[in-house]
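Peer 1: First to last, the protein sequences are chains A and B. Quick note: the first sequence uses this note's numbering, first residue 27, plus one each step. Quick note: the second sequence uses this note's numbering, first residue 27, plus one each step.
Treat the hints with caution; some may be incorrect.
For chains that are exact copies, the list does not tell them apart, and a pair is met inside one copy or across any two.
[Stated by the list, open to error] PhoX-like mimics (lysine-lysine), calculated; alpha carbons at most 25 angstroms apart, straight line:
#1 K313 <-> K71
#2 K142 <-> K223
#3 K169 <-> K313
#4 K82 <-> K170
#5 K169 <-> K71
#6 K309 <-> K82
#7 K169 <-> K299
#8 K299 <-> K71
#9 K169 <-> K142
Just so you know, these hints were derived from the structure itself, not from any lab.
There are 2 protein chains.
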Amino acid sequence: MIVGLDIGGTNIRALLIRPETGEIINRRQESSAGNENELLSSLTKIIESFSEVSEKEITGVGLAIAGLIGRDGIVHYSPNLPNLVEFPIGTHLQDLTGLPIFVGNDATAGAWAEAKLGAGREIDNFAFVALGTGIGTGLVVNKKIVLGAHGFAGEAGHATTQSDGPTHITGLSGSWEYFASGNALGRLGREAAQKGKFALGLELANSEEQITGLHVSEGVFNEDQQSLVIFDEFCRQVAIGISNLITILDTEEIILGGGLVQIGDQLVSGVEKWLPEFVFGWKHRPKVPVRLAELGIDAGSLGAGLLINEMRKDNK
Amino acid sequence: MIVGLDIGGTNIRALLIRPETGEIINRRQESSAGNENELLSSLTKIIESFSEVSEKEITGVGLAIAGLIGRDGIVHYSPNLPNLVEFPIGTHLQDLTGLPIFVGNDATAGAWAEAKLGAGREIDNFAFVALGTGIGTGLVVNKKIVLGAHGFAGEAGHATTQSDGPTHITGLSGSWEYFASGNALGRLGREAAQKGKFALGLELANSEEQITGLHVSEGVFNEDQQSLVIFDEFCRQVAIGISNLITILDTEEIILGGGLVQIGDQLVSGVEKWLPEFVFGWKHRPKVPVRLAELGIDAGSLGAGLLINEMRKDNK
Numbered sequence: 027m028i029v030g031l032d033i034g035g036t037n038i039r040a041l042l043i044r045p046e047t048g049e050i051i052n053r054r055q056e057s058s059a060g061n062e063n064e065l066l067s068s069l070t071k072i073i074e075s076f077s078e079v080s081e082k083e084i085t086g087v088g089l090a091i092a093g094l095i096g097r098d099g100i101v102h103y104s105p106n107l108p109n110l111v112e113f114p115i116g117t118h119l120q121d122l123t124g125l126p127i128f129v130g131n132d133a134t135a136g137a138w139a140e141a142k143l144g145a146g147r148e149i150d151n152f153a154f155v156a157l158g159t160g161i162g163t164g165l166v167v168n169k170k171i172v173l174g175a176h177g178f179a180g181e182a183g184h185a186t187t188q189s190d191g192p193t194h195i196t197g198l199s200g201s202w203e204y205f206a207s208g209n210a211l212g213r214l215g216r217e218a219a220q221k222g223k224f225a226l227g228l229e230l231a232n233s234e235e236q237i238t239g240l241h242v243s244e245g246v247f248n249e250d251q252q253s254l255v256i257f258d259e260f261c262r263q264v265a266i267g268i269s270n271l272i273t274i275l276d277t278e279e280i281i282l283g284g285g286l287v288q289i290g291d292q293l294v295s296g297v298e299k300w301l302p303e304f305v306f307g308w309k310h311r312p313k314v315p316v317r318l319a320e321l322g323i324d325a326g327s328l329g330a331g332l333l334i335n336e337m338r339k340d341n342k
Numbered sequence: 027m028i029v030g031l032d033i034g035g036t037n038i039r040a041l042l043i044r045p046e047t048g049e050i051i052n053r054r055q056e057s058s059a060g061n062e063n064e065l066l067s068s069l070t071k072i073i074e075s076f077s078e079v080s081e082k083e084i085t086g087v088g089l090a091i092a093g094l095i096g097r098d099g100i101v102h103y104s105p106n107l108p109n110l111v112e113f114p115i116g117t118h119l120q121d122l123t124g125l126p127i128f129v130g131n132d133a134t135a136g137a138w139a140e141a142k143l144g145a146g147r148e149i150d151n152f153a154f155v156a157l158g159t160g161i162g163t164g165l166v167v168n169k170k171i172v173l174g175a176h177g178f179a180g181e182a183g184h185a186t187t188q189s190d191g192p193t194h195i196t197g198l199s200g201s202w203e204y205f206a207s208g209n210a211l212g213r214l215g216r217e218a219a220q221k222g223k224f225a226l227g228l229e230l231a232n233s234e235e236q237i238t239g240l241h242v243s244e245g246v247f248n249e250d251q252q253s254l255v256i257f258d259e260f261c262r263q264v265a266i267g268i269s270n271l272i273t274i275l276d277t278e279e280i281i282l283g284g285g286l287v288q289i290g291d292q293l294v295s296g297v298e299k300w301l302p303e304f305v306f307g308w309k310h311r312p313k314v315p316v317r318l319a320e321l322g323i324d325a326g327s328l329g330a331g332l333l334i335n336e337m338r339k340d341n342k
């Protein structure tokens, strides 16, 4: 058995997984609050509790965390978990449990879960794009997960799509994430409301400032015309970054994950509409379908578990 | 022995290569003018002439061409060789010679040559960025060349870095190549001259319209202050696209190729200066060195030859 853990800004999502099939045998959720030692203690307790209920021995643990996560098991940069920065969580957890540990980026882990068990099955080359508060991406090239030189690969959300654009919370200018994340959808809604072009949003949120992406999604769901205009611009921005991934990597398909997939088919068709405007040589290449991820919020923990399993096999 | 051919807009550069070492045994250069059948005839003649001088049998031929070149040996889109579009050059050449043929993108081939014999030796993850009239890029991930789903990978020059930017010759808006190719360097020079900020360029070229990137390079070489200002903005634009490759792929280093490498160390230091502004989490990751390619104009034909050799080995 293997354990997969996804450590977010508020919660740890934990899964006990049968590695041969990816079947989820047990699950737990705990708070991720506290300093690095409290977090380590929570993780150890989760692994122990799985150990008690597991019919077979646990042979490895995978950790998924947002940010620049090193192959060395060190969290080098994580906006959601500032306490963990430069903390060698992999080594510590290995010392405490005696188990092999893989630590990796959450979207990269999610991509691998989709590759093995979800919408990327039998797809050799794809990008997984998780649209949530921010944008996380994970890349599969030639059936292998791309970790990069240090484990930092797949941060396409922080690549530049409009170099003269505003400064993002990261300090970088014109990052894709600034224009195309869930937060961006809310900002587009507020900007439209300021111009008197999002009446439904104002009605739902009571004030311009309180408008979020959820109000735009609700408008899209109800086919509100003003909401559809806002959403179309959002889809254009999503398509710009996705087009860059297609142009650079020649992916066979794009898999959309993260909270915004709840919008569903309208997100898919909205993005697909704009790809011909931004993909190099669109007319001369096979269509690149955009699909919705299949594994939902389990993708990160599941993928991290499957990655430690993969690495154990490679080392044998 | 293997043959590597790089088919450009004006010339075919041909090499007879010893596959074990990459040693160049013989070389030829022919015009690439004419229709697809004339080109096929030129290629066949070159291969025959190599056959006559080669001490060992020729066992494969690699073709490097700019554009979207399919794994199927079809040139799907090639701005420099419009006659070849949708022409199955791989199959035809295989029929004519009876040899295994690989057809691929020239910058992708160049990346592989640098990986095996040049500046990328022993580097598992890097991007090769050829700055010439346009921008070609080739990617090495986990010691393997990235061809992508259809063979089109590595077209980062056509990825968007400024989505509200001008329309490029490809019809796409705000492509990296528009801002950071050799052509862009000339345009920056002409724009500066129009504002009275490139006196040396006007002197060298006789008129604003005749200023090219070469005049800016000459000014940089002579440490002309106005030229250095123009060149600094050029390097900033080059750094934006390179930063995207680092952020997306976590490359260990960047290898600069193409005609502009003749500028040398000032190009390297000019680009390196701007990377911290655009790479995600720059302070938290190891330095990503920028290096000059080592194989010059042979990279494309050499890499194409080495790739057919690689594929023959994989098929055994």
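Peer 1: Which of the listed hints are broken here?
Peer 2: Of the numbered hints given earlier, those the structure breaks are 1, 2, 4, 5, 6, 7 and 8, listed in rising order.
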